[in-house]
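Taken in order, these protein sequences are the chains called A and B. For the first sequence, position 43 matches number 55 in our numbering, and the numbering has no gaps at all. For the second sequence, position 55 matches number 1025 in our numbering, and the numbering has no gaps at all.
One or more of the hints may lead you astray.
[Claimed, not checked] Below, computed lysine-lysine pairings styled on PhoX-like, alpha-carbon distance capped at 25 Å:
#: 1; chain 1: A; residue 1: Lys26; chain 2: B; residue 2: Lys1115
#: 2; chain 1: B; residue 1: Lys1119; chain 2: A; residue 2: Lys199
#: 3; chain 1: B; residue 1: Lys1081; chain 2: B; residue 2: Lys1115
#: 4; chain 1: B; residue 1: Lys1028; chain 2: A; residue 2: Lys205
#: 5; chain 1: A; residue 1: Lys209; chain 2: B; residue 2: Lys1103
#: 6; chain 1: A; residue 1: Lys171; chain 2: B; residue 2: Lys1115
#: 7; chain 1: A; residue 1: Lys78; chain 2: A; residue 2: Lys46
#: 8; chain 1: A; residue 1: Lys171; chain 2: B; residue 2: Lys1119
#: 9; chain 1: A; residue 1: Lys209; chain 2: B; residue 2: Lys1107
#: 10; chain 1: A; residue 1: Lys238; chain 2: B; residue 2: Lys1115
#: 11; chain 1: B; residue 1: Lys1060; chain 2: A; residue 2: Lys205
#: 12; chain 1: B; residue 1: Lys1012; chain 2: A; residue 2: Lys205
#: 13; chain 1: B; residue 1: Lys1107; chain 2: A; residue 2: Lys199
#: 14; chain 1: B; residue 1: Lys1107; chain 2: A; residue 2: Lys205
[What the hints assert, rightly or not] To spell it out: a stretch of chain A is covered by chain B in this simulated footprint if at least three of its residues, at any positions, have a beta carbon under 8 Å from a beta carbon of chain B; those stretches are:
#: 15; stretch: 91-98
#: 16; stretch: 127-134
No lab work stands behind these hints: they were computed from the structure. All of these numbers come straight from a predicted model, not from anything done at the bench. For every residue, glycine included, the Cβ atom is placed at its ideal position computed from N, Cα and C.
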Amino acid sequence: MKNRSLVSITDYTKEEYIRILDLAEEFEKQPTQKILEDFVVATLFFEPSTRTRLSFESAASRLGAKVIGFSDASNSSVSKGESLKDTILTVSNYSDIIVMRHPREGSARFASEVSGVPIINAGDGGNQHPTQCLLDLYSIRKTQGKLDGLNVAFVGDLKYGRTVHSNVMAMCNFDTTFHLVSPIELKLPSYVKMHIKNSNLQYHQYTDLSEVMKVADIIYMTRIQKERFSDPIEYEKVKNAYILTANMLEGCKENMRVLHPLPRVNEITEDVDSTPQAYYFQQALNGVYVRQALLATILGVK
Amino acid sequence: MENQDIRKELIVSAIENGTVIDHIPAGVVFRVMRILNLEAAKTQVTVGFNLESRKYGKKGIIKVSNKFFENKEINKIALVAPTATLIVIKDYKVTEKRQVALPDEIFGLVKCVNPNCITNHQQVPTRFSVINKEDLKLQCYYCEKITAKNNIDII
């Protein structure tokens, strides 16, 4: 894994996921370790994403690395018309690893081809966001104590949500039963369902969130966006059906935890925050440990 | 069978040395020409289309004198003309005859269907893996989206 770019969640094997999760656990116990003092980490955010950038910069800082980069393309050479290739070639002269987010899909794969240093994809448009996926795996393992034998429910926009697609792909490496809750218009694409079938795993589809409440170990909530509907009346019909409230949690498994990639809008009401099931803010913190594990592994110090 | 062959020879003249690409679906002859860059050819090229074919109804044929294609080059046409047959002629005799075959990877020939793909915005040559050869499906190496048969756009 040393010096290898992480562009897509499928770049790693099951063993490699586990290795990262184990290492992240070490960093959770001892977050500040000055093991990257000789390294420069570049964070190139061609589109703003404060949460992801701060999480990476926090991870790098806790390991003692120097961080360079930009948080918005408008105050970088990109606004002068520089190509992605030239930006990457230049920055790879100044740094040991590049963390990048870019609005175009496939940009991170392309960058990994031209760059002299490894790339970590922090989101390329609607395509991949592998560090989000790894922190979700970490959160699932941490709350359930295992990754095998779980009932995982994905709720909301399963059609366009890249997080859902990569998480399903990654969880197919484990003995998972999938519960897919979405409006008819936003069902999981057939190629992802094929992947579940080919992994000899089972999935069940629902349109009603209450149906999975008693069976789920994990409920992974996502936001339904109005602009995904061709017919606004259809949106009005379904929009409230996928909002999780505290009283819906009655009768759920004790170990059940609610995850959400954040930011949430209204799909989880605030009264859920104070229940033992709410895990989404802790989930975001786990992102720092997972990113520490990735930086240390790819830079070859762990 | 023999009669058919004779008629074909009458319609499109024989060549001494070169390559015949036969059984091209009638509607894609010009796309095949473009893929093989035959518009810029210096040698003699004979093109026929809407010819009678017992097997395919209407078909197209291209004969290129004194030109022999590399496999890699000729297989590109399988994208639009999967039924095409390649016939190599030397001294008026058929020395080789085979079906074109889709390669496993396609470089810089097809446009990615995804408008937000990096290849549609920066100078990045396209690259696809052929993930389904029967019901043609190409997966972009960069954005990972699928370009299917009905939306293939040849660059």
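Consistency of the hints with the structure:
The hinted pair formed by lysine 26(A) and lysine 1115(B) meets the criterion: a straight-line CA distance of about 23 Å does not exceed 25 Å. The suggested pairing of lysine 1119(B) with lysine 199(A) holds, with an alpha-carbon distance near 23 Å, which does not exceed 25 Å. Annotation: proposed proximity of lysine 1081(B) to lysine 1115(B) holds, straight-line Cα distance about 12 Å (limit 25 Å). Pair hint lysine 1028(B) plus lysine 205(A) does not hold up; C-alpha atoms about 40 Å apart against a cutoff of 25 Å.
Simply put, lysine 209(A) and lysine 1103(B) have alpha-carbon atoms about 21 Å apart, close enough for the 25 Å limit, and the pair holds. Taking the CA atoms of lysine 171(A) and lysine 1115(B), the gap is about 14 Å. The hint holds against a cut of 25 Å. Pair hint lysine 78(A) plus lysine 46(A) holds up; C-alpha atoms about 11 Å apart against a cutoff of 25 Å. Proximity of lysine 171(A) to lysine 1119(B) is assessed by CA-CA distance (about 22 Å); at most 25 Å being required, the pair is judged to hold.
This hinted pair checks out: lysine 209(A) and lysine 1107(B) have alpha carbons roughly 20 Å apart, not beyond 25 Å. Proposed proximity of lysine 238(A) and lysine 1115(B) is supported: the alpha carbons are some 23 Å apart, at most 25 Å. Between lysine 1060(B) and lysine 205(A) the CA atoms are separated by roughly 52 Å; this puts the pair beyond 25 Å, and the hint is violated. Distance check on the hinted pair: lysine 1012(B) and lysine 205(A) sit about 51 Å apart at the alpha-carbon level, beyond 25 Å; violated.
Straight-line distance between C-alpha atoms of lysine 1107(B) and lysine 199(A) comes to about 22 Å, which keeps the hinted pair within the 25 Å bound. Distance hint between lysine 1107(B) and lysine 205(A) is fulfilled; the C-alpha atoms sit about 17 Å from each other, no more than 25 Å. Evaluation of the coverage hint for the stretch 91-98 of chain A: fulfilled, as 3 residues show C-beta separations to chain B shorter than 8 Å, against a requirement of three. Requiring three or more residues with a Cβ within less than 8 Å of a Cβ of chain B, the coverage given for the stretch 127-134 of chain A is violated, as only 0 such residues are present.
Hints 4, 11, 12 and 16, counting from the list given before, are not met by this structure.
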